[in-house]
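Peer 1: Each chain, written out:
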Amino acid sequence: MDIDTTYQAPSVDEIKTLLTEKFAGKVNVTKIETRRVYATLPKEFVHEVCEYIHEKLTFEHISTVIGVDMVDYMQVVYQISNYYTGVMVELTADLDNHDLHVQSISDIWVGGNWHERETYELFGIIFDGHPKLERLLTPDTYEFYPFRKSYKLRGQE
Amino acid sequence: MVYSSILNWVQFPDVMSNMYYPFNVYNLPYDISYKLWELLGGTIAWLINLLVPGNPVSTWLVCDEVVNMFALIIFMIVIFLVVFIGTLISLWEERKVLGRLMDRRGTMIGMKGFLQCVADGFKTFMKENTMPKKVDKMTYMWTLALVIGTSVLIACMIPLSQRWFVVDYNTGLLIIMALFALAPFFILVSGWGQNNKYSLIGGMRAAELMISYEVPMLIMIATTALMAGSFNIGDIVNAQFDSTWYFIPQIVGFITFFFCATAESERPPFDIAEAETELVEGWQTEYAGMKWGLIMLADYFRGYVACAMVTIMYLGGWLLPWDPLQINTYLPEITFLIKTWFVFFMMIILRGAIARVRPDQILNIGWKVFMPLSVINLAIVLMLKIGGVY
Amino acid sequence: MMAKDVLDIKAESAQMDTDKMWIIMGPQHPFSHGLWTLKIQVDGEIVKDAEPIVGYLHRGWEKEAEARPYPKIIPMADRLCYAASMTYTHLFCMTVEKALDIDIPEKAKYIRIVADEICRIQSHLMWLAAVGTDLGNLTLFLWGMREREFFMDLNVRLCGARMTTNYTRIGGVRNDTTELFDRDVMRCVERFEKVLWDLIALVDDSSIFVSRMKGVGNLTREQTVNLGITGPAMRGAGVDFDIRRDDPYDNYDKIDFDVPVMTQGDSYSRYQVRIEEMFQSCKIIRQAVKKINALGKNAPYRLKVPSNVPAGRSTARLEDPRGESLMYLISDGTDKPYRLKVRSPIFTNVSAAKPLVQGSRIADVPVIMAMIDMCLGETDR
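Protein chains in written order, with our numbering: chain Z, 127 to 283; chain A, 14 to 403; chain S, 27 to 407.
Hints listed in this document are in silico derivations from the structure and should not be mistaken for laboratory results. Keep in mind the model is a prediction, meaning the values are calculated, not measured. Note that the Cβ used here is the ideal one computed from N, Cα and C, for glycine as well. A few of these clues could be false.
As the list claims (entries may be wrong) - 27 Å max Cα-Cα, derived DSS-like pairs, lysine-lysine: (1) 152/Z with 169/Z; (2) 89/S with 258/Z; (3) 124/S with 275/Z; (4) 278/Z with 98/S.
Claimed, not checked - Derived contacts from chain S toward chain A, CB cut-off under 7 Å, selection only: (5) 161; (6) 162; (7) 163; (8) 165; (9) 168; (10) 172; (11) 232; (12) 234; (13) 235; (14) 389.
As the list claims (entries may be wrong) - Partner residues are not named here, just some residues of chain A that face chain S (Cβ under 10 Å, in silico): (15) 116; (16) 367; (17) 373.
Just need the whole structure built from these sequences, with the hints factored in.
Peer 2: Here you go:
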């Protein structure tokens, strides 16, 4: 399959083939289900892969940007969906605890803007290039990141 | 003089035979107040006379000049009470009819809900009289007093029939319109004087709305006066009794005047000045408690005046053309009030069914639709007049 | 121009511009349905800039969910969007069932569809009532609420509660449909389909309503999609996508219904999409009730599930009355979730407030935001 043409409604198998061809060695497609593709990738290529998915595979809608605190490392999960087939692609990127920086994708999809802000204020993951990385849901005076596992609720101690 | 019973004081002479009678024709409320004072003053005079026989105070209380003076005071109270109760009834009518439109019952307590309105007014008047610190005190108080004062003034000046009037003047309709049109200026100054961004915007909006709707109203008043031959309200009503009610030849004018009157009374759908969902009460933001209650009441007074003008100019005033029960001679006031409440009923239905109009759309409608319509109305009336039909 | 030079609101800039001023609508404002603030910068009558501020209702839902076993999270999910509570519990149960990898009984699926669609109609009626108040017409408000009462009565029939129903369970639903429930539902739906024409007539036949909604809050298809707006607001701009049809869950693929799509992209088309969705919901309810009757009285409606969920990740998404809602669950073999993330549609829709209201007048702002149909519980979580 040609990696440079634009596909409007690619099927799950086509997506797997295209991603493994174009980003060989970087993207690892772990699982395929009906209308779902799961992949992992290192954090440096997040922006590039997202751009490809947005332009060439016409995935026009970013559903969420999720932050996860696995105590030894952190993860950012992107879920991107296609309006022509209903397929959803899930990209997972691992972040080292000492270097919580990822390039922001809010220039590709403006809808991801507030999702990244929320992930920043709750986990402390910094998105480079985000236009306004400030606290959104919690008060401005908070100095900690509430959703990290190091912050315990009363019922969890 | 020896007075053996109270009936010597309470004689009920003919009111018009008193040489200090202030009016030219028979005036019913003055007659009522004259007789009330005869009763009241006569009783007081007789009582004092019982204690101190032959004292000058008693004779002073019931002599000709003094009876007129006290009768005038009671006359003012009688006129104001009747207008006040009429407005309260239109307020009650609004709550019930609007409730039924919305599939609910409206107020239910106290004489089918009428006393609820009285109780609400009473509650508002009992609230604390606060004044915010930042407002300009002179404008704050004076503009409010002027808005309310002019509204009540014109409400009292509308004659309910041939014999129920305050002043019988030859330019009646024009004076009512002139006083009615003073309110937007006071609202503008009031909104400015409250030193509040919201009130400023609200005041400006109210002023621009009212000013642009007064032009068609004036044209239509002139048209009616042209058709009837004078500005005198009694003459207009009598002219409609002789020919037809004026809403038939002036159907365009009737509809336009009705909408202009709704806009002038700041009723929905034209109530941008008080649009709660946008600007939290507009120019009335800083008025609380008793002052706000008086503003609400003044709104209903103006609504009453607008409906009364519609009745006078288009619906035949206080006379019915077909009169088997002789109502025209015995109870013309009730006819007038019922017609006014009917026009108000139409305004209520308008309120319940239609959304609020945007400010720029209101100005569009006022200048581009209603003014040409009023000019068309004038042209129709001119043709009818020249053709000799009216 | 002021009698005294005093500002009573905070301005973004240090000095006051005489031609532009910031108006803060909220948090205590009669038009905002819920607790949020919209700051708009106006120049005369036109809005130049807007900034929404949310977060007054943030309860830390996701973190609290990490401390509770799975069945205890279901009442919490009810309170995510209190106006449309069935859909969020449904979503949560679907996510956990995916993690457990079980298939729930057919009857439970159809009952969930009926409950979802009742919730959708009831939520849209509340939206219609709110539109009435925003446009200054209280008759529409009271008529909408009156119709909504009938659907809340259906909720009471089904599970005993009007709003926060707490009805779906992991593995099915809490109880079977009650006696004569299908008769009540059909009566309600048949009456509603006639009465909805009255409510529509109040709005559509009046040119004042229509002229206040047409041409206001325009967005093109590309803008809508890029901003992440989902739901009826997106279908009003020409995007033909509905999760119930294109990514079906829970037997929606066995039910035949249409998805209304309008291409104008202004507030009026969003309004039309929601009205048409209410009619389609009635159609769905009819078919689902027939299928429930066909399954019979003794069909199972709930499976017993283990309390420990095997380790793994699962996602489920659902067509909420307001848009696309999604839950992402990371389970670690215990009976409590490791990470549970909720995506609410209004969160993204509100973030697009600036492109929506830019260029319109102040009087249009309540109308535009009413068409987005805010519910603050799910925005702030």
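Peer 1: For each hint, tell me whether it holds in the structure or not.
Peer 2: Do the hints match the structure? See the list:
no., hint, verdict
1, 152/Z with 169/Z, "holds (10 Å)"
2, 89/S with 258/Z, "holds (24 Å)"
3, 124/S with 275/Z, "holds (25 Å)"
4, 278/Z with 98/S, "holds (19 Å)"
5, 161, "holds (4 Å)"
6, 162, "holds (3 Å)"
7, 163, "holds (5 Å)"
8, 165, "holds (5 Å)"
9, 168, "holds (4 Å)"
10, 172, "holds (6 Å)"
11, 232, "holds (6 Å)"
12, 234, "holds (5 Å)"
13, 235, "holds (5 Å)"
14, 389, "holds (5 Å)"
15, 116, "holds (6 Å)"
16, 367, "holds (5 Å)"
17, 373, "holds (7 Å)"
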